[in-house]
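Asks: As a plain string of letters, each chain reads:
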Amino acid sequence: MTSTILEMRDITKTFPGVKALSNVNLSVEEGEIHAVVGENGAGKSTLMKVLSGVYPAGTYDGQIVFQGQECQFKGIHDSEHKGIVIIHQELALVPMLSITENIFLGNENARYGVIDWDANEARTAALLKKVGLKEDPKTLITNIGVGKQQLVEIAKALSKDVKLLILDEPTASLSEKDSQALLDLLLEFKRQGMTSILISHKLNEINRVADKVTVIRDGRTIETLAKKDISEDRIITSMVGRSLDDRYPPREPNIGEVVFEVKNWSVYHPLHAERQVIKGIDINVRKGEVVGIAGLMGAGRTEFAMSLFGRSYGRRITGEVLLKGKPVDVSSVSKAVQHGIAYVTEDRKTYGLNLIDHIKHNITLANLSGVSRHSVIDDLRELAVANDYRKKTNIRASSVYQLTGNLSGGNQQKVVLSKWLFADPDVLILDEPTRGIDVGAKYEIYTIIARLASEGKAIVVISSEMPELLGITDRIYVMNEGRIVGEMAAADASQEKIMRAIVRGEGKAA
Amino acid sequence: MSTESAPAPQGNIAEDQRPRIAVSALTTNLREYGLIIALIVIMLFFQFTTSGTLFKPVNLSNLVQQNSFIIVMALGMLLVIVSGYIDLSVGSVAGFIGALAANMMVIWQLGPLSNPLVVSIVCLVVGGLIGAAQGYWIAYHRIPSFIVTLAGMLIFRGICQALLGGGSSVGPLPDDFKALSSGFIPDVIGPLTLIPPTVNAAGKTILGSGLTLHMTTVVLGLIAVVAYAYFGLRTRRKRERHGYEAEPFALFVIKTLVASALALFLVYEFASYRGLPVVLLVMGVLITLFVFVTKRMTIGRRIYAMGGNPKAAQLSGINTERLTLLVFINMGVLSALGGLIIAARLGQAVPAAGLGSELDVIAAVFIGGASAMGGVGQVIGAVVGGFIMGVMNNGMSIMGVNVDWQQVVKGLVLLGAVIFDVYNKNKA
Chain A
455 MTSTILEMRD ITKTFPGVKA LSNVNLSVEE GEIHAVVGEN GAGKSTLMKV
505 LSGVYPAGTY DGQIVFQGQE CQFKGIHDSE HKGIVIIHQE LALVPMLSIT
555 ENIFLGNENA RYGVIDWDAN EARTAALLKK VGLKEDPKTL ITNIGVGKQQ
605 LVEIAKALSK DVKLLILDEP TASLSEKDSQ ALLDLLLEFK RQGMTSILIS
655 HKLNEINRVA DKVTVIRDGR TIETLAKKDI SEDRIITSMV GRSLDDRYPP
705 REPNIGEVVF EVKNWSVYHP LHAERQVIKG IDINVRKGEV VGIAGLMGAG
755 RTEFAMSLFG RSYGRRITGE VLLKGKPVDV SSVSKAVQHG IAYVTEDRKT
805 YGLNLIDHIK HNITLANLSG VSRHSVIDDL RELAVANDYR KKTNIRASSV
855 YQLTGNLSGG NQQKVVLSKW LFADPDVLIL DEPTRGIDVG AKYEIYTIIA
905 RLASEGKAIV VISSEMPELL GITDRIYVMN EGRIVGEMAA ADASQEKIMR
955 AIVRGEGKAA
Chain B
373 MSTESAPAPQ GNIAEDQRPR IAVSALTTNL REYGLIIALI VIMLFFQFTT
423 SGTLFKPVNL SNLVQQNSFI IVMALGMLLV IVSGYIDLSV GSVAGFIGAL
473 AANMMVIWQL GPLSNPLVVS IVCLVVGGLI GAAQGYWIAY HRIPSFIVTL
523 AGMLIFRGIC QALLGGGSSV GPLPDDFKAL SSGFIPDVIG PLTLIPPTVN
573 AAGKTILGSG LTLHMTTVVL GLIAVVAYAY FGLRTRRKRE RHGYEAEPFA
623 LFVIKTLVAS ALALFLVYEF ASYRGLPVVL LVMGVLITLF VFVTKRMTIG
673 RRIYAMGGNP KAAQLSGINT ERLTLLVFIN MGVLSALGGL IIAARLGQAV
723 PAAGLGSELD VIAAVFIGGA SAMGGVGQVI GAVVGGFIMG VMNNGMSIMG
773 VNVDWQQVVK GLVLLGAVIF DVYNKNKA
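If you're matching them up, the sequences are chains A and B in order. In terms of the working numbering, the first sequence opens at residue 455 and continues consecutively. In terms of the working numbering, the second sequence opens at residue 373 and continues consecutively.
Treat the hints with care, as some may be off.
As the list claims (entries may be wrong) - Simulated restraints on C-beta separations:
{"id": "1", "chain 1": "A", "residue 1": "N718", "chain 2": "B", "residue 2": "Y616", "range": "40 to 46 Å"}
{"id": "2", "chain 1": "A", "residue 1": "G529", "chain 2": "B", "residue 2": "L787", "range": "25 to 31 Å"}
{"id": "3", "chain 1": "A", "residue 1": "K588", "chain 2": "B", "residue 2": "L522", "range": "40 to 46 Å"}
Hints in this document: simulated from the structure, not taken from any laboratory. Positions of the beta carbon are idealized from the N, C-alpha and C atoms, including for glycine.
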């Protein structure tokens with residue numbers, strides 16, 4: 455029979471003014487994959503920090519029993535010693551060190567401080583084989599993709615004789631293919647008897663691999679579902695506390711003339727001058743239309759969008775951008791903004807927000823002239839604008855003076871959106887607008903998109919989640935390897951059709 | 373159809389807002405208040421240990437004149453550091469400009485071009501060009517500012533020494549020029565004698581006896597205090613009229629009263645000596661200007677955004693390259709002004725002018741609460757930081773503390789201030 459490997463009992467953790475967790479219970483059986491789901495800010499990460507000792511024993515109430523022993527972890531070192539290893543969403547690898555150096559960082563096979571590199575590399579090779587990564591152990595981390603870096607993290611965990619592996623949003627930045635491979639690996643580990651906790655937003659993944667699901671909402675355990683009860687609808691209902699009959703808001707498209715056109719757009723890689731990243735793309739968007747760009751990770755969608763937006767990516771950019779039939783100069787971001795083009799980045803923390811400044815200053819940053827006269831900022835007008843957009847996009851914060859770095863992902867995304875809405879663009883390019891945010895916030899973002907379209911804006915949505923594109927767009931372009939390989943009305947489109955276009959496109963490119 | 377879209381609880385945001393703003397007004401400004409309080413405590417400490425010398429009008433005038441160049445350069449350095457850069461060349465640039473000015477006025481005999489005013493303007497332009505030259509590499513070629521300005525530090529110190537013919541000094545400089553540092557504003561209103569000076573048996577007046585007030589200084593001080601209170605009140609009114617919470621009225625009154633009392637005390641001190649030093653007036657105008665630029669103008673906001681996240685700033689349509697260039701041009705101009713002030717104070721150009729002052733300037737900015745990561749820092753903080761350094765220099769010198777130990781103390785104060793900052797941030 456299976457036995458319980460981990461039992462967290464009545465965990466309560468309070469921060470000044472906030473109860474992050476109240477009486478949370480989590481019980482994990484040996485050898486299972488246990489998914490923990492919940493909206494952003496529900497308390498999943500806090501719970502895992504309690505478990506791994508980031509919040510040391512004594513700073514929370516409740517008990518942690520691991521392998522039959524009550525544990526009082528004083529730090530990550532203690533929990534790792536017991537075989538509990540956590541892999542964070544933001545990878546903690548040193549880019550300029552090799553795979554081997556990263557795997558054994560702080561844990562080197564050394565005698566009197568002298569490292570035995572041959573032994574380390576041999577062990578690394580064995581570990582890489584286990585996780586199915588075909589790379590030279592001497593390769594620098596910076597030279598491999600995010601998907602492979604994730605595998606290195608897992609190999610690192612394995613090197614520590616892991617008994618319980620915790621993965622925090624492991625597929626958030628992986629392509630479909632890499633995600634599948636990672637999930638397969640998890641299943642393989644399970645066959646070998648390892649226990650894992652998987653924190654994820656992607657319900658289809660949970661559906662596929664999880665044996666049990668624990669749902670957390672507002673710092674409380676709502677329920678734990680057994681394999682037979684797991685279904686997307688059931689999880690969503692439990693997560694948001696009500697059933698979301700429709701995951702996409704209804705919309706009556708009112709589509710006008712062509713507003714935005716791109717003709718024969720080509721871009722070369724910024725570093726490898728010979729590599730053509732975007733190969734002669736033509737697209738157009740109409741007034742009030744939501745156009746999707748589908749494709750796999752690495753298809754060049756972000757590169758395309760950023761090169762359009764003030765040449766923020768790439769070199770030797772050629773092609774034409776037309777607004778309402780007239781060619782326009784978009785060679786700098788400020789020119790693009792002046793012509794009414796806005797780009798909402800996929801990476802809000804790196805490219806979207808000043809995390810050490812508050813909501814108000816972030817919202818007005820792209821349109822300071824809108825709150826100033828003769829370059830002097832009218833503080834009160836700015837405050838009114840910020841409060842207005844906070845209400846419009848439903849940003850949940852104590853006030854507009856809260857630092858954006860302290861907001862949850864969904865609310866950060868709403869701040870970035872507000873910033874660009876205040877710039878009042880005619881054409882809005884949204885790059886993965888719902889990445890890493892929870893179901894409830896997603897719905898809110900979709901509602902905003904629908905409202906903007908009904909106001910007559912032309913909208914481009916880049917997304918890797920095909921159901922999302924099918925749910926909110928009117929027309930979908932399919933992109934692969936820097937080309938448009940398909941175009942279809944959303945009404946006629948399906949996930950299969952999109953995948954078929956990609957696969958056919960791949961054949962063409964080869 | 374339902375467009376209801378907020379599954380998570382909304383919270384009692386509206387109800388909580390009132391007390392929170394009152395508290396946050398206090399806590400957000402706590403660092404600034406704390407710094408000013410620290411300065412006052414340090415001043416009182418030295419007042420005590422120097423048996424009352426520190427607050428003597430003549431010493432206060434000295435203190436201002438000795439430290440003004442640090443504060444002038446700290447204004448530029450604040451913007452550089454907030455932008456996420458550093459400038460190590462300011463001391464050398466100041467030295468070079470001083471040498472250039474002295475040569476133009478004393479050695480080269482340029483006719484009308486040797487006029488102190490013309491020389492000053494030329495020097496400020498040259499400073500701007502130096503800033504542009506360094507900023508160009510930093511902004512457009514992404515060479516780390518540490519390296520570019522380290523090179524600048526060596527280059528301009530070298531040129532400074534070469535201009536002075538290797539080790540000698542050039543002077544004396546014209547009196548008109550020296551007035552920039554050691555002059556006082558003229559008393560256009562005329563003095564007011566409250567207590568006539570004592571006349572000794574030989575029929576000579578005893579220096580420093582009696583009490584005569586420099587009335588122009590008094591009037592200027594009163595105008596400044598009234599303006600400060602007026603604008604404070606006006607801002608409050610405007611906020612309230614638009615329905616926003618302002619800080620509690622009692623807090624506002626106390627703040628204004630304390631600030632006014634301190635200002636009037638200083639005005640009295642200066643007025644009872646020879647009036648407002650010219651350089652203090654220059655400094656006051658510059659400080660006001662920089663506070664306004666950083667707090668109220670779009671370019672200031674953009675500088676903070678660039679320091680906070682350069683990529684996000686760029687993708688928001690901010691021309692970060694040009695902004696970086698402007699920040700360094702500004703630094704160059706202020707370094708030049710600093711150089712002119714040093715030369716005017718010494719009455720001659722010397723090879724060691726401004727030597728090591730870049731460190732004092734940078735220390736002032738960090739004591740003032742700026743972050744080495746960029747994006748954080750206040751003008752007032754940098755100014756108070758500069759004065760803390762200045763008061764310590766002055767106080768310890770009067771106490772007769774050895775220069776070597778003065779450096780040790782200054783280093784400890786810098787370290788302590790930054791540790792205090794980091795500790796506070798982690799606690800919050």
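Asks: Could you run down the list of hints and mark each one as holding or not?
Replies: Quick rundown of the hints versus the structure:
no.	hint	in the structure
1	A:N718 to B:Y616: 40 to 46 Å	violated (52 Å)
2	A:G529 to B:L787: 25 to 31 Å	holds (27 Å)
3	A:K588 to B:L522: 40 to 46 Å	holds (45 Å)
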